[in-house]
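Asker: Below are the chains, spelled out letter by letter.
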Amino acid sequence: MAGQGQRLNVVPTVTVLGVIKARLIGATRGHALLKKKSDALTVQFRAILKKIVATKESMGTVMKSSAFALTEAKYVAGDNIKYVVLENVKTATLKVRSRTENVAGVKLPKFDHFTEAETKNDLTGLARGGQQVQGCKAAYVKAIEVLVELASLQTSFLTLDEAIKTTNRRVNALESVVKPRLENTISYIKGELDELEREDFFRLKKIQGFKKREIEKQMKNAKQFAEDQVTEHLSLERGISMNAAHNILVGGPKDEDIIF
Amino acid sequence: MANPTNNAGLIAMIADEDTVTGFLLAGVGNVDLRRKTNYLIVDSKTTVKQIEDSFKEFTTRDDIAIVLISQYIANMIRFLVDSYNKPVPAILEIPSKDHPYDPAHDSVLSRVKYLFNTESVAGDRR
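These protein sequence lines map, in sequence, to chains V and A.
Basically this note's numbering = 1-based index in the first sequence + 75.
Basically this note's numbering = 1-based index in the second sequence + 818.
Just so you know, the hints here were simulated from the structure itself, not pulled from any lab data.
A quick note: this is a predicted structure, and the numbers were derived from the prediction, not measured.
All C-beta atoms in this analysis are idealised placements derived from N, C-alpha and C, irrespective of residue type, glycine included.
One should not assume that every hint holds.
Stated by the list, open to error - Label pairs and their calculated CB-CB ranges:
no.	chain 1	residue 1	chain 2	residue 2	range
1	V	Asp114	A	Glu875	36 to 44 Å
2	A	Lys854	V	Thr136	29 to 37 Å
3	A	Asp871	V	Glu220	41 to 49 Å
4	V	Thr103	A	Lys874	42 to 50 Å
5	A	Asp850	V	Leu83	55 to 63 Å
Unchecked claim - The list that follows gives simulated cross-link-like pairs (lysine-lysine, DSS-like), each with its CA atoms no further than 30 Å apart:
no.	chain 1	residue 1	chain 2	residue 2
6	V	Lys254	V	Lys265
7	A	Lys863	V	Lys149
8	V	Lys165	A	Lys867
9	V	Lys125	V	Lys112
10	V	Lys149	V	Lys125
11	V	Lys125	V	Lys254
12	V	Lys126	A	Lys904
13	V	Lys112	V	Lys254
14	V	Lys139	A	Lys874
15	A	Lys854	A	Lys874
16	A	Lys874	V	Lys126
17	V	Lys217	A	Lys854
18	A	Lys854	V	Lys125
19	A	Lys904	V	Lys165
Excised from the complex, chain V in its bound form (with noise of 0.2 Å):
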């Protein structure tokens, strides 16, 4: 009886069977699509697992060169190179752009690097190192470009991740909770309803055997008066009913046409 307890309260009637049933269906399709839709998730979150560490590794190394060219440019256009950099800061000629990508019914963030316009500080490093400068820029270009790629892959995962588990949940609630309760609910009212029908036929049969009954006593009748009819008949053939006689002494007084 431990499924009991676990079924809808409804009355068992075959409508209602039928709408349970129905729902057990839609329930079995939706766990069959959560199921794909999890394992389609799980196919691109573990291609986007390689790809973060892939690029976290690779992203040490450019991070190391920019730092490198940065000491360069400062050891070619001198230490002070930094304020006049952070002076210039105006508005970002390099932004990022952030598009989303749907997998599955997810919809992923993507980020693309982009440059607004060209980058004012070209005076920067004009009196020496210039060369360095521009090396020092394009390779922190660079690294922005790698770090915003894996900044999108984080996202994607964390937002991935999120989304598998939410969707696994579904998946195992279907299957555990909801499908489980529809079969008990269904094989309940199936059960009420053989029930219901044994009942039925107990009656059936109990009205058969009154209706039985019924016509042996009405053939027992027809057979006593069949053979009342028979002896009469047969004491009216040899010419007079005992009744008969017996009648016309007795009831005489009753009947009008008799005058005397």
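Take the given structure of chain V and dock chain A to it, following the hints.
Answerer: Chain A only, in chain V's frame:
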């Protein structure tokens, strides 16, 4: 220009002076009308409170898409970084020049590694 929220985002930074200088040279720096910068230079005089405040500010501003933070600075406000779980803006821990990168501290990468270990126990080593 003044309103870059329509799908063009900025890259914010919390890092040491050299790293910030490099990225500013690449052109990610932005100063808005109220003289607010999208970067914070952390040196020996910067307090943890300041870092926390700017981290919170960068993660709540809607024109910022990515926040770069040096790992040693992220370690200072580790509780904040770990409790942050929104997809946008993305928090990215970057290595800095004089602090070697330790993947074990990265909140995302530790999860990546954990998942990798669980899903490929018998598979290829990674």
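Asker: Indicate, hint by hint, whether the structure satisfies it.
Answerer: Hints versus structure:
no.	hint	result
1	Asp114/V - Glu875/A: 36 to 44 Å	40 Å, holds
2	Lys854/A - Thr136/V: 29 to 37 Å	33 Å, holds
3	Asp871/A - Glu220/V: 41 to 49 Å	30 Å, violated
4	Thr103/V - Lys874/A: 42 to 50 Å	47 Å, holds
5	Asp850/A - Leu83/V: 55 to 63 Å	58 Å, holds
6	Lys254/V - Lys265/V	16 Å, holds
7	Lys863/A - Lys149/V	23 Å, holds
8	Lys165/V - Lys867/A	26 Å, holds
9	Lys125/V - Lys112/V	20 Å, holds
10	Lys149/V - Lys125/V	36 Å, violated
11	Lys125/V - Lys254/V	36 Å, violated
12	Lys126/V - Lys904/A	21 Å, holds
13	Lys112/V - Lys254/V	19 Å, holds
14	Lys139/V - Lys874/A	28 Å, holds
15	Lys854/A - Lys874/A	14 Å, holds
16	Lys874/A - Lys126/V	29 Å, holds
17	Lys217/V - Lys854/A	26 Å, holds
18	Lys854/A - Lys125/V	38 Å, violated
19	Lys904/A - Lys165/V	29 Å, holds
Of the numbered hints stated above, those contradicted by the structure are hints 3, 10, 11 and 18, listed in ascending order.
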